[in-house]
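Turn these sequences into a full structure, and let the hints steer you where they fit.
Protein chains in written order, with this note's numbering: chain A, 1 to 391; chain B, 1001 to 1329; chain C, 2001 to 2340; chain D, 3001 to 3345.
Calculated from the structure, these hints are not laboratory results.
One or more hints might be untrue.
Below, in silico cross-link-like pairs of lysine to aspartate or glutamate (DMTMM-like), each with a Cα-Cα straight-line distance of 25 Å or less [said to hold, decoys possible]:
#1 B:LYS1242 - D:ASP3020
#2 D:LYS3099 - D:GLU3062
#3 D:LYS3154 - D:GLU3108
#4 C:LYS2016 - C:ASP2123
#5 A:LYS126 - A:ASP96
#6 B:LYS1238 - D:ASP3166
#7 B:LYS1242 - D:GLU3108
#8 A:LYS127 - A:ASP76
#9 B:LYS1223 - A:ASP380
#10 B:LYS1223 - C:ASP2110
#11 B:LYS1080 - B:GLU1095
#12 B:LYS1242 - D:GLU3115
#13 B:LYS1238 - D:ASP3139
#14 A:LYS50 - D:ASP3020
#15 B:LYS1238 - D:ASP3020
These numbers come from a predicted model, not from an experiment.
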Amino acid sequence: MTNDEMTSAKTKNDPVEEVPLGSVFAAKAEERVSVASNWKLVWWRFRKNKLAVISALVLIAFYIIVLVPDFFATQDPEATEAKLAFIPTQGLNLFDGTNFSPWVPAVVGKRNPVTLRMEFKIDETKKVPIRFFTEGFKYKVLGLFETNIHLIGPQDPKSADWIYLFGTDRLGRDQWSRMMYGTRTSMTVGLVSVILSVIFGVLLGGISGYFGGWLDLIIQRLIELLQSLPTIPIWLAMTAALPQDWRPEQVFFAITIILAFIGWTTLGREVRGRFLSLREEDFVLAADLAGCSRFRIITRHMVPSFMSHIIASSTLAIPVMIISETSLSFLGLGIRPPAISWGVLLQEAQNIQTLALAPWLLSPGIAVIIAVLAFNLVGDGLRDAADPYGH
Amino acid sequence: MLRFIVQRLLLLPFLLILFSIIVFWLVQAPPGDFLTSYIATLASGGSSINEAQVEALKRQFGLDQPGYVQYLLWMESISKGDLGLSLEYQRPNTELIGERLVLTIALALFAFFITWAVAIPAGIYSATHQNSLLDYFFAVLNYIGVATPNFMLALILMWIAFSNFGLSITGLFSPEYIQAPWSGERVVDLLKHIWLPAIVLGIAGTARLTRVMRANLLDELNKPYVVSARAKGLSEWKLVWKYPVRLAINPLVSTIGWYLPQLFSGSLIVATVMNLQNIGPLLLRALTQQDMYLAGSILLIYCFLTIVGTLISDVLLALVDPRIRMEGV
Amino acid sequence: MTNANDSHLLEVRNLKKYFPIRKGFFRKTVGNVRAVDDVSFFINEGETLGLVGESGCGKTTASRCILRALAPTSGEMIFWTKEGQAVDLAKLNRRGLRPLRPQMQMIFQDPYGSLNPRMTLFDIVGEPMYVNGMTNRKERVERVAELLRLVGLRPEYMQRYPHAFSGGQRQRIGIARALSVNPRLVVADEPVSALDVSVQAQILNLMLDLQKRLNLTYLFVAHNLSVVKHICDRVAVMYVGKLVEMAPTNELYRAPQHPYTAALMAAVPVADPRVKTGNVELKGEVPSPANPPPGCYFHPRCEYAVDVCRTQPPEFREITPGHFVSCHRADELKLPGVAL
Amino acid sequence: MNNQTALLSVRDLQVHFLMDEGVVKAVDGVTFDVHAGQIFGIVGESGCGKSVTMKAVLRIVEPPGKIVGGEILWRHRSKQDGSAGDPVVDLVKFDANSKAMRDIRGAEIALIPQEPMASFSPVHTIGDQIIEAILLHQDVSKRAARQIALQMFKDVGIPIPEQRLDEYSWQLSGGLRQRAIIAMALSCNPRLLIADEPTTAVDVTTQAQVLRLLRRLQAQRNAAIIFITHDLGVIAQMADYVMVMYLGLVMEQGTVNDIFHAPKHPYTQALLRSIPTITMTPRISLPTISGSIPHPFNKPRGCPFHPRCEKAITGKCDARTPALQLIGEKQLVSCFLYHDAEVAA
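Shown next as structure tokens:
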């Protein structure tokens, strides 16, 4: 067919269609929706889920802490002061009367004449004023430059009035500051191990699903084998096998890989399933018949089709990793002190007597619950929004 | 169907051998062995043992042999029904594990029944009363249940009981029954204690199962066979129970395959926190002390329980679903 | 069958496609589904060959083998290229097929599943051109605009996604995509059966119109005998993986030679209450292609079956010029057709 | 309309679906009568509301669908025989799950659903599901119910019925499943059988078998059938009386001869012209209906067909909705070409 023929071509029987679009969307948004890409449609649907949006904001806040925990910390997390053990939490007050002027009540210590231990009480009458962007201990921002500015701190950093938002532990370390560092470790472990899982899963599941045959058979059997291993005991055995003299960073990466190693199977299965069903889709066949290369079919047609689902599943997998890390560390077999993670912090709360004395030691647990909840809500929201075409 | 079960049973020994290799490799992977840490412990306590004694101990446990010989020796004793000797306790592992295994299984089964007894009705109610107040309530409960690590839950319960009532809710028995031989009273005592750890253990699973049941049932309620049953004039209540509920539960049966094993191994953490005398804390200690035959034996038992759990679920699925029973996988 | 005729575009000889039935842990092959079982036919340049049959008869499998979306088990598929060469499609590998891809394209049944929902019209219609060497974006934009106009859509729709269009409009997009690389053979697999009745005629007209204008050759796979009759020059009828009859459309409909063809036509309800149809009933059911009966596959349902039909598979032979049939009794039977 | 002998009289039925995105008026004022022993055909394309209308008659419209107006008058079977004395009840007034409604559903009005495969539960035997229906409406023992089911299987021509009763739906072929579904629908001797696209999912030779079977059973039992389809050929061969629907409204009603040989509504006319038939001259350009069916959310104002109608009168058809009016003896049309009556707002 030549171009001349084409341009002169005008269909006689069928007038160019001018009928309103038969779309599934309301008439008014028609034009906007018509040219909306898949990601836009997903975002529009996700946005409707208020709970998921709020959870996403919570997660963003968590990850800001991950980037600069020091900025949010009020004290050096390693600074021990045995005399200041088990200081209770101070409530943060934002208003002094009607003026915006944050303060915390002062802590007063008294030696118990019977046990001879220092006991601390909150003295609501004495106010310790709080200032923003105060100077404190020195740290490096993302390893780039050094600063000593912190989000909050006592008005006079030289004074003896320290703030202990979440109290102190048995060694007098500031729980709030330690939690900031714990957040960094725990949230990173979750994220990194899921990213590793996704890489393993997409790679192996993709190979299994796209090429099929004996490769598929082997990978399938491997997944079955890994899935029939009892997860928690094997995790424990693997972490117990880590040499005791490894540095904290080494342990951190080892734990991440161990978590990912067992976690990828679920994602791998899902990817395989998607590949298998996509292989049967007409639009994939059409691309094949058009002469597209395998690489193009996979990257242009197949992967984009399940990417949103994989993101949703990964989001739902992160909390599982976080809980696993926390549990392992809590049992003393995960992240090891002096590294700080939520699980390491919770180890301090293992003893019921200590817990009764200092219930604030459970606060990292609250952080775990909030983070996991937020991930689940975001993941559910994404999953519901992931398929705007309702297949 | 029968062929399928036989096939699975034949496969079982192969899987166990494979797992035993993985397990053995894992437990003896850490640098050093039990003796090194044992000697170190002794040394820090001020006493010491001489070379000859060390050599004797090494020979006794076969630690002077290369890894594969140690493995074969261990396998040989296992094939005789003996799980080997614990290095730390100097007692046969079979003896150490015995009762603790019973308690592990009892706890897991208890948690399992609580899960199903709660989750199925809750899921059905949520699906048939979509967007009702109770549906939302279950949803909130489910999210919290899934989000709370069970050791956190255990800690919180223990703390509440301790600080408000001065109660200690740990352990599976009252003090007088801990060492007692099995008797009717001891079982009753166990039942008095087991439900709380069982709830703690099962809560996340319950939350998840409720959500899955709700989603499955909602799917089934849209199927044409529901319309045709309704068109027969069947009452809504009877209809829901006879058809969609039955079909919504079927796929859940296959979740038993991973849920039961998860309970077996999940009880490890709860047991450590709540001081329950099952094999969990024993494994933890064996792992940290490099008591390799004990750790290996317990890990192998976990593997065995996992495979059996899967097998049970496959058989159950075939029993409830004629499509699987008659097509025969 | 006839020797390589100058006007042939495609000749299929003894095409077979078996799907193994695997069972057990080691996935042992315990049998074969004979989806396409020794099928031979040809298509002339510029004509429309209809391939009809009931679901599961292998018509879709056969068409996908021709496009090499499936690898045939055995047989030859000779295709005469633009350059005048005869190549056997069955023997080519993925790389060997690529230069031939533009010459044969497909129109799909499902207007929803056949368009990638994540691509704009421009990307969908332009992709075959792009992968076949038209990398200049501006050229492609112009060509896509032309194609859209050609199939009755507005070029301004180029930036829209498929979700903005109705079933009929999507089918037009699919046609534009198929035509984008100037194909000679277009395989249309049930192109109107998923569409609303009031939209079907639009697509049929468009296909007829495009054929005239662009000298296209169609392999039209369908189950609707009225639609096939309307659009095809010749029709081939399949039953359980085998061709039972092939003839020019009018001849086939007026005087079918195979009892199955006759039964099929008698079963079509005519949209005229004064013409009562459906009085002849074909008893029984279609046998499974995994386990077909001996002899002629149709004999258990055939009212004319004799002993030889139960044991001897009939040969697919030309009984009058251009009329092929596989029936032992084709010469003696006088079967009713459709009054034209 | 003759109300005296009607078995079912639907009057101005409205079924709306209240969705988050807005209200879909799936059925927007539908009126028709079905008489005893009649085969009443309903034709329409996707989204015309034909299936929803039937679900409304059975009172099994699922939420968010809701009957928001109209009457469904049903001649209720009293204990003994004698059609004259049978009371007329309005099914809209019944609670959908009430005992009274359930006694009519299945016993007096039965459904032959579209997908025979999915319409049986795959984990219950077919016999179990049919016997259940019999036990619901007839006061017989389980054993007797099984005998009835067995007889039904024989009547619909299922070979080796004893064995088939104890099989599952997925073990049967498509044709047998279709017969089993018909057996279930007929098991309680209903007065009205609603067949919702019963042959859409089957092949043409199976379709011919099923249609013959339905015609034979209808003649034997003198039940009325409402036959829903989008296939004009099937309608022409099956129905005595035809109703044409488009986007939730009735376009035209009449005897099958009037509809096919003297169609009045431009939609019916265009639809009949646009389908290729087996007896037609091949390869000619077919007259088409332009455009496509709009989504129910974008329903046009006025007559829903006007944007695609060649004879649409600007300022009239796009502003007001024509009412269904009697034209000639038995034909009803809702089109301003024939009258000026409009639907009251």
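Q) Hey, LYS1238 of chain B versus ASP3020 of chain D, does the alpha-carbon distance stay inside 25 Å? A) Cα-Cα ~30 Å, so violated.
Q. Are the Cα positions of LYS50 of chain A and ASP3020 of chain D separated by 25 Å at most?
A. holds, 15 Å
Q. Regarding the pair LYS1242 of chain B and ASP3020 of chain D, is the alpha-carbon distance no greater than 25 Å?
A. violated, 31 Å
Q: Mind checking the alpha carbons of LYS1242 of chain B and GLU3115 of chain D for me, to see if they're no more than 25 Å apart?
A: holds, 20 Å
Q) Is it true that the CA of LYS3154 of chain D sits at most 25 Å from the CA of GLU3108 of chain D? A) Holds: LYS3154 of chain D and GLU3108 of chain D sit about 22 Å apart, inside 25 Å.
Q.
LYS1238 of chain B and ASP3166 of chain D were given as a pair; does the straight-line alpha-carbon distance stay at or below 25 Å?
A. holds, 22 Å
Q. Keeping to a limit of 25 Å between CA atoms, is the pair of LYS1223 of chain B and ASP2110 of chain C held or broken?
A. Satisfied, since the Cα-Cα distance of roughly 22 Å is no more than 25 Å.
Q: Quickly compare the C-alpha distance for LYS1223 of chain B and ASP380 of chain A to 25 Å and report which way the hint goes.
A: holds, 24 Å
**Q.** Restraint status (C-alpha distance of LYS126 of chain A to ASP96 of chain A at most 25 Å)
**A.** holds, 12 Å
Q | Hint consistency between LYS3099 of chain D and GLU3062 of chain D [alpha-carbon to alpha-carbon, up to 25 Å] | A | Holds: LYS3099 of chain D and GLU3062 of chain D sit about 18 Å apart, inside 25 Å.
Q | Pair hint outcome, LYS127 of chain A versus ASP76 of chain A [Cα-Cα no greater than 25 Å] | A | holds, 23 Å
Q. Between LYS2016 of chain C and ASP2123 of chain C, does the CA-CA distance stay at or below 25 Å?
A. Roughly 36 Å separates the two Cα atoms, so the pair is violated.
Checked against the numbered hints above, the structure breaks hints 1, 4, 15 and satisfies the rest.
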